[in-house]
Every structure is written in structure tokens, then in C-alpha cells.
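Chains as they are written, first to last, in my numbering: chain G, -10 to 600; chain D, 518 to 890.
Hints listed in this document are in silico derivations from the structure and should not be mistaken for laboratory results.
Zero decoy hints are in this set.
Keeping only pairs whose Cα atoms sit at most 20 Å apart, straight-line, the calculated EDC-like set for lysine to aspartate or glutamate is:
#1 G:Lys545 with D:Asp734
#2 G:Lys556 with D:Glu822
#3 G:Lys545 with D:Asp778
#4 G:Lys496 with G:Glu412
#5 G:Lys560 with D:Glu714
#6 G:Lys171 with G:Asp59
#7 G:Lys545 with D:Asp678
#8 D:Lys650 with D:Asp540
#9 G:Lys554 with D:Glu715
#10 G:Lys545 with D:Asp733
#11 G:Lys560 with D:Glu816
#12 D:Lys799 with D:Glu548
#13 G:Lys538 with D:Asp732
#14 G:Lys565 with D:Glu826
#15 G:Lys545 with D:Glu756
#16 G:Lys560 with G:Asp541
#17 G:Lys545 with D:Asp540
#18 G:Lys545 with D:Glu741
#19 G:Lys536 with D:Glu741
#20 G:Lys171 with G:Glu56
#21 G:Lys545 with D:Asp753
#22 G:Lys545 with D:Glu714
#23 G:Lys554 with D:Glu756
#24 G:Lys554 with D:Glu822
#25 G:Lys554 with D:Asp778
#26 G:Lys560 with D:Glu822
#27 G:Lys554 with D:Glu826
#28 G:Lys58 with G:Glu18
#29 D:Lys799 with D:Asp810
#30 G:Lys255 with G:Glu282
Now for the letters of each chain:
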Amino acid sequence: MTDLARIRNFCIVAHIDHGKSTLADRILEVTHAVSAREMREQYLDRMDLERERGITIKAAAVRLAYEAKDGNTYYFNLIDTPGHVDFSYEVSRALNACEGAVLLVDASQGIEAQTLANLHLAIEADLEIVPVVNKIDLPQAQPEKVGIELQQVIGCAEDDILFVSGKTGQGVTELLEAIVAKIPPPQGDPFGPSRALIFDSAYDVYRGVIVYVRDVDGSLFKGQRVRMMATGAVHDIEEVGVLAPEPVAVESLGAGEVGYVFAGIKAIRDAKVGDTITDAQRQATDQLPGYREPKPMVYAGLYPIAGDDYPALRDALEKLALNDAALVYEPETSKALGFGFRCGFLGLLHMDIARERLEREFSLELVTTAPNVAYRVTMTSGEVITVRNPSEMPDPNLIEKIEEPMVSALMLTPGDYVGTLMELNQSRRGILDGMNYLSAERVELRYRLPLAEIIFDFFDQLKARTRGFASLDYEHLGYQIAELVRVDILLHGDPVDAFSAIVHRDKSYTYGRALVEKLRSLIPRQMFDVPIQAAIGSRIISRETIKAKRKDVLSKCYGGDITRKRKLLEKQKAGKRRMKQIGSVEVPQEAFIAALQVGGDEKKTEGKKDK
Amino acid sequence: MNAPEFAVYVHIPYCISRCPYCDFNTYVGIEDTAPEYVDALLTEARTWTERAAGRPAESIFIGGGTPSLLEPQLFDRLMRGLRETFDLASGAEITMEANPETVDAERLAAYGASGVNRVSFGAQSFAPHILQKLGRAHDADRTKAAVAAARAAGLDNLNLDLIYGTPGESFDDWRRSLDETIALDPEHISAYALTIEEGTAFGAAVAGGTMAAPDDDDMAAKYEYALDALRAAGYDHYEISNWARPGRACRHNLVYWTQGDYAGLGAGAHGHHAGTRSWNQKLPRTYIDNADDPVAGSETLSPAERADEWLVLRARLVGGLDRAEAESRTGRDLGAPIDRLVSAGLVTQNEGVLVPTRRGLLLGSEIALALTA
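Please put together the full structure from these sequences, using the hints given.
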């Protein structure tokens, strides 16, 4: 058991590309955690990539020994935090495992939205903030200016700010000394009933779930029977260890320590992030605070292109859920698409990751419907239901009110783009909550927005309108009443449930028109005329027709191109196989997410400049 | 239709200029390699005698490029060499392609004396602005003069190639081109929808947005006009893009559409023998330097792929596909796809013979895909 006074648990929080991984490399070197021979760039990021075979270890927490100038050896636990807003709950759990946070800001970029969002989370978690300006070696670095920005947002003194270069190593020792001096050691009762916070977990095919924990009270040891306080599940610990950064089994993890646990856990949902592990015999009375069930915010239907792939999709989702605790799914039937699943995701990134894995790892061809949020509908009867699929929205006559999820969005932008961003937010039904000039180059905008308005192309728009300079972060705000209607699409006269969407009444005509137009351009000409209509209830609000195709023939085919023409036909055949047959109409996969591209802005997006 | 068993294709890769729509294997400004190239062709020809397996060649087709750029003496050397190598059937069809601006009666007579009995002219259009857009070096008068010269040289089997659907071509432009073609009374007419190919100037222009892609509806209307006008003028429609006076269908091309065997001589030429399709080195220099073994690649189809290929090729012939023949040839029951095609109005079925409808001719790929699904 390590003396609590010699432990420092901290994380590094930063906006993407502000140099977190490179700084971590230098810290590994200075603390001799990795020998010069084994050192390579972005060491911690690469650990899990290089372990495709063998167990899945991510560098969720690395234990380092640092000999400080006071002559004592301190044990640092450097805890990793996920970098995307979809995973902000996971970030908050990781922060709860720490006593301090190194707030890292790029000297050439300055503070970004993610910096602020993470700072707020760190302050909420009551962490000691160590502000650091990184990349001071860059020619375009403006460390003094960025230092002043930091003083303003944190309210710290000039002297508190450290200046480092993760690349050259300049200032890194000073940083490690500051961690010793400023970040408080963990508190906890080494002899009380065990309580350990699960702040991360990963699924491994060979050994089951690896659980990353921060022990708060008591200890965890091999052979111990433990209980998950939120789920009630009981497991026997097979191994406890620390990552140094390679995994090393240890006798036990004591109060204040950070490490991993294997306990024969088969699915990641049995080791939920935020849950508390306690001793099954000598149970703690209170769970560690802050546990929350992972809550999907975005829903979409996933359907196999080929109907007979349905069992394969079900199996694939089951397997995927083994290592994705936030993924929820339930079977649903679409008149247009047949049997499939309604899946819930933390956000669009999470959805993209899941869909890509299903297609790549399980070789499935899928149709994904346009994502939507969950609506809370109060019926005239007083019953309250949750609508996760637009086609399930009840008849308007039966509805008392509809509420939609809201977010508080934080945007940081150079002053020049404030106007265009306000325009964007207004077009997305945003209400300005506050504006704050950190400096002329850095204006903080806070908007209250319906989640539904930002899940489509909001981020792309934000980047396109600010030439990539603005950054975004958001948090959920609960539900708010709204004037919403369901817009249906009829293809060849028949309603296609998968195309239905819930939109604000004021936007419904524009939306219907744009979607119909988009579908007309995406659905190839068929052997007959195909009318496409948008409707609200029984009222048609827009109509276009895809004219029947008249010509589809290879005009020339001679001895020299028989092979090539055969391949052309094969390609055409493969293209047809990727289409979904809806009634008699062949519809390409892209059509089902066409709604994503008609989010209300006619402006073309330039695509993502960064993540 | 009774197709020859074996034929010979010879590729001449020279052109005066590069047409912006053409993706054939052609080169400008290397005509001085022609003597070496002809030697190489004859060297390669000898590698085919075993595969010809004693079958007489019922057709030789000298295509390009622009074969009429070959000087008559050199051309004669080529023809004599081919005759020495291959057993030529009596009455064999010997076709050469020619660009109108490259020939006169004297030159055509010389080619005729070397054995050519069929000439295919790249007329393409009779509208001046379309010829210009297509990058052609000739005008409509030149095409007429070339046809007259061929007749004077005693050639009684002529083809004119036409292209429709070039952006900027009006319906009237096309109608006039067809009328002028019919007025010249060739034995054979090929009419192709302009196809935009990658790697051509048109391909780049369409991809870059500086040129409109050909319009399918416009081309469909022009094709339908051709169907009517050529039938009225007494031409038989025998393949998607080919029409002929009775008995004048191109025997050479029938080899391709019946999956027959053929030698493919020359740079980039394709050959077919016993289920293997092979293709030669594309660059003339490389081809010349490897004339005794110029094959750059080949593919041998599986029985199923071969059956698909037969159906796709054979379905191009509009005279009718005999269902019993197709089923015995492919070993498949074609009942279901045929029913679908009939109910979609793409083919009619009469006593076991499938004939594409007008709609089916325009949607030939749908027929091909249905038959090979």
C-alpha cells in the first residue's frame, strides 16, 4: 500500500491537437517509465493499436514514479479522458478519479471550446487546476497572450501558469514539481470498507472486461469477492494491477491508488462507468456519488439491406454491446425497410463509430435512417410517452404537448465570425444565453438550442462559416415544449415510414420541399415514373417526379472491350444489390440519411476541417 | 445467325490527331514506327497458328487508330503476311477502317488489290459544328467524296459509323446526318450513342463541369428516330447499334457477339481462345519489342461467368434469342427472368424466341442484368 501523501492522481485536459500525447511522452521519459530504446511517439495512444492480438489494454491510467526535488518518490497516476462531447459523462467520471487537472493550451491556438468545457467539468469535480501553455517552441507561439487568456478564464495569478514544450521537453520538470506541490494527495480511509470508482472499461476477447478503477477506501485484491453497488452484480477478482505503462499485476490496490481489475466479467454493461465496487462481505453503505445510467441522446433505425441478414445484425449488435455500454437497441419493424433495430447512441460520432464497426467487423450492408432525438409526448389522456422513432408520433389530435431535448452550447470564435454564428444559431432556433469577449480573437457564445437542431450538420456549418476557427461543446439541459409536426414522405404513392421526420412547424414546408428535392436527386431513375411527395397528415406540401429512365444500354461492345463491359455490368449489378427495394422502387442507402443534408441551411458545407 | 468460328483482328494504333471522345489505344506522331510495327504484327500472328487450330479465318478486321494511314505498300506486306500465316476462308470478309480525309480512289483501290473487300468510314456526323466538337479532321463533303472514291475503286461493301448525342447536337442535326448517310446508300450503318469515357478530353471536361454530359432522354429520342428511319430505308437492325442491308451484317463483329474465338494482333489488342481472354502490351514500343510474346494479361472465366458473358453478348443481337439454345448453352432455367422481362415490356416471347422491344433496346443493360441475375 502506497502512502496516500505520496500519491498524485491527475489528468491532462486539452482541446484536440493541443499536444496532450506529446507531453505525455515527455512525462514518460522524465519518469523513466519507458526506456529510451522502447520510446516512440504518442506511446500511450499506440498501446491499444499494437495489441490487436493479446489483451486489450488502453492507457486509461498510467502509474509513474517521480523522484521529486524534495528527495521523495511520488507515485503519479495519469488518467486519460475521452476527447469528444458525445462522451462527456465518461469524461466527468475520469475527472472524479483525480484530484487535479493539467489544463493544457496550445500557445499558438489559445483557448478553445473544449478547453473551456473541460475546465468547467474539472472545476465541478473540485479539481486543482494546473494551467499550462504548451508548444512554446513553435515560431507562431504567443505564450504571453495565451497566458493572459488563461488567467482570465481560471482567475489564477500570472505566476501560476507554466510554460512548456512537449516537443523539446522544456519546462516539463517544472510541471512535475508543480503537480507534486499543488495537487493535493488523495483522501480516503485505507482501512474502511472497500469503495472503488469505475472510470473506464474495455472488452477483451480473451479475458473478458478489464475494469479501470480508482480506489477510494479500503483495498481491492486478488480472490476478493466484490459487488457492483449500482447493478448488484457479484464477481470474484482474478487479478489487480497497474499500468506502468505496461500492465503489471500487483497484490492489491489501496486507498488513493489507480489500476485495473479483471473479475471474469463477460460484458461491459456489467462494469458500468460510474459504478462503485465494494467488498461483497464487508459492504460500504454509500455508493460513490455521480453514477448515471448511460443515456442515449440520438436514435436511428438500422436495417440490413438484405432481409435475411437480420439475424446476423442481431448477433452483431449483441457482440458490439459487449464492449459498448452506451449502445442500446431494440427490434423494430418498418413497413418500408422490414425488420431492423432502433438504436440509441450518445451522439452522432458514437453512431458513426457503431455503424462503421457493424459494417466493417461484421461485413453487414446496412441502411441507417436519419438520426433523431427522443421526444416526450403528453397525450390528451394525460399519459406521457417517449417517441424514439418519428413514425411512431401519435395522431396530432391525441397530443396535448410535445417536448424536445435541449442543450446548452458553448462556442468560441474569433470576433469576426460572431455575426455569422449568431445567424446560424438563430436559424437553428437558438436562444442567446450569453456572450463574453475573452479577447478580440476569442468570443464565447452561449446558446440554448434544441438537440435536434445540432445533431445533423451543425458542427460542419460552424466550421464552414468560421473557416475552421470556431469550436463547439455542449451539455444537455432537459426538455422543453415545442411546436413540432411530423413530415411524411410518400414514394410512388406509398408512405415510407423510414423517411418520416419531426420538425418545427415553421420549418416544415422548407424541410419537406428540400427533402423531396434531395430525394429526387439521390434516387436513380427507375423503369417507371416515381412521384415523391412530402405530407403533413393528409396534406401534401411538396411534390416532385423522378422521370422513368429511357436509356440504359451499353452502346458499343466489341472484341476489345468485352472484358471491360462485363466489369461495368458487374459494377452496375453490385450497385443494385446495395439498393433497398421499397415497393417497386430501388432506393440507395444515401437516400435514408438525405434528411441530414437538408438541415435548413442552403449553404454548402466545406466538410470537416478537423475533428 | 450463323457466325464464323474464327476471326482475326489487327490493331493499327496511329492517328493524325486525338479525338476528344476516343479512348482507343492510339498515338499521334509515331507513324515512323509503322514498318517495324507491321513486322511485329506478323511475328505475333505466327504465335496464333496453334490456337487457330486449322480453323480458317473467316474474317480479318483491320481497325485502329487509323489503318488508312498505312502506306499501301506496307499495308500490302501486312496482308500478304497474314495470308501466309492464317488459312483464309474463301470469301472471307476483310474489313479496314478508314478516315474520310485519308483516302482517295487510288489509295482505296490499292487496299482493295491487297484483299480488302469492306471499308468502314468514321463519318460520325454530317453537321459541321458537331464534327468540329468531335475533333474530326474531315467535313461532310469529304465523307461523301470518300464514299464515291470507294465505289469508284470497286468496293461494294461499305459501312459508315455515326455518333449521336454529342452535346450541342440538335435533333435536326441528327436527322440530317442520318438522311445524308442513307442518301449515300452504304451497305452497313453503325450508330453509337456518345459515351463519355474516363481518360479522354471529354471525360475530363464533363468531370470538371465545363461540358454537359450527354442527355439520356435526347439520345433515346435520337435512337428511336434511327430505328424508324433506317427501317424505312430498308436496313435490317441486327445489333443494338448496327444496321445492314440484307446479307450485309458484319461477319467479323458477329464473332464477338456469339462468344467466338479470335486472334487479336497489335498493341493493346484483345484475343479470345478457348475461354481465355487475353490482351497485349498497350504501348507500341513495348509491343514491338515483345512481338513474340506480347500478352500483358489474361483472364479465364469460370463456367458461370462464361455463361453470363454469353447471355450478355448474345442478347445484343436483336434478331432474337432462342430460349432453348440459351438454356442448353448456360445450363440454366431462364423462366423467371424471362417472365420478368416480358412483364416489364422489355422483350416479347414468341415460340421460344425472345425479341427485345423498342423499350428493351433502349434498356439493354436491364435485360443483361436480368438474364444474369
